[in-house]
Amino acid sequence: MGPDGDFGVETFAQRPRARRNREEKEVPPPRVDITGAAAELVRRLRARHGPLMFHQSGGCCDGSLPMCFPEGEFLVGDRDVLLGVVEQTPVWISGPQFDAWRHTQLIIDVVPGRGAGFSLEAPEGVRFLTRGRAFDEREIRLLADRRVLTGADCAGAGRTPGVER
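Under full-length UniProt numbering, the first residue of the sequence shown carries the number 1, and numbering increases by one thereafter.
The reader is advised that the hints may include incorrect statements.
What the hints assert, rightly or not - Just the calculated beta-carbon pair ranges, DEER-fashion:
id, residue 1, residue 2, range
1, 145, 47, 35 to 41 Å
2, 114, 25, 32 to 38 Å
3, 148, 35, 22 to 28 Å
4, 124, 58, 34 to 40 Å
5, 137, 44, 34 to 40 Å
6, 47, 112, 17 to 23 Å
7, 103, 47, 19 to 25 Å
8, 49, 104, 15 to 21 Å
9, 44, 97, 26 to 32 Å
10, 99, 137, 16 to 22 Å
11, 75, 104, 22 to 28 Å
For the record, the hints were derived by calculation from the structure and aren't laboratory data. Where is the CB? At the ideal position from N, CA and C, for every residue including glycine.
All chains, please: the whole structure from these sequences, using the hints.
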């Protein structure tokens with residue numbers, strides 16, 4: 001114990017500024033996020049259907065919507081990119097679409113309306129919708145060194161990294 005009754009442990013604020021700066025690692029922003037309303041719907045769908053997954057559709061038949069499936073029902077391709085995990089649900093996007101949107105944070109929301117025929121929310125009278133927010137220069141810099149996982153990285157693993165079961 002030190003003379004002041006402490007144990008010789010300095011607080012973060014007491015550390016020299018240069019040392020604090022090295023210790024303050026900036027964390028990259030998530031590439032995908034979810035609104036409260038969409039998160040609540042995901043929890044209800046998961047209670048009914050079990051583990052889920054999203055795949056950001058590429059704009060073919062159902063436009064460019066986040067499609068929600070029971071996990072494993074949609075086969076992720078080798079070039080698909082895992083954007084992240086929201087509400088214990090992995091969110092995938094095609095490689096070419098990721099390349100086009102790499103500077104944008106995707107935000108999954110839910111709105112009234114008719115959903116995509118194959119997506120689990122369709123019978124609920126609502127549809128998932130993707131909103132976008134452009135990353136600022138600092139966020140782009142933080143994300144630049146972060147490796148993305150692809151379907152090829154997860155092949156044969158049996159589950160998506162970062163998803164607890």
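*Among the hints numbered above, which are violated by the structure, and what are their numbers in rising order?*
2, 4, 7 and 8
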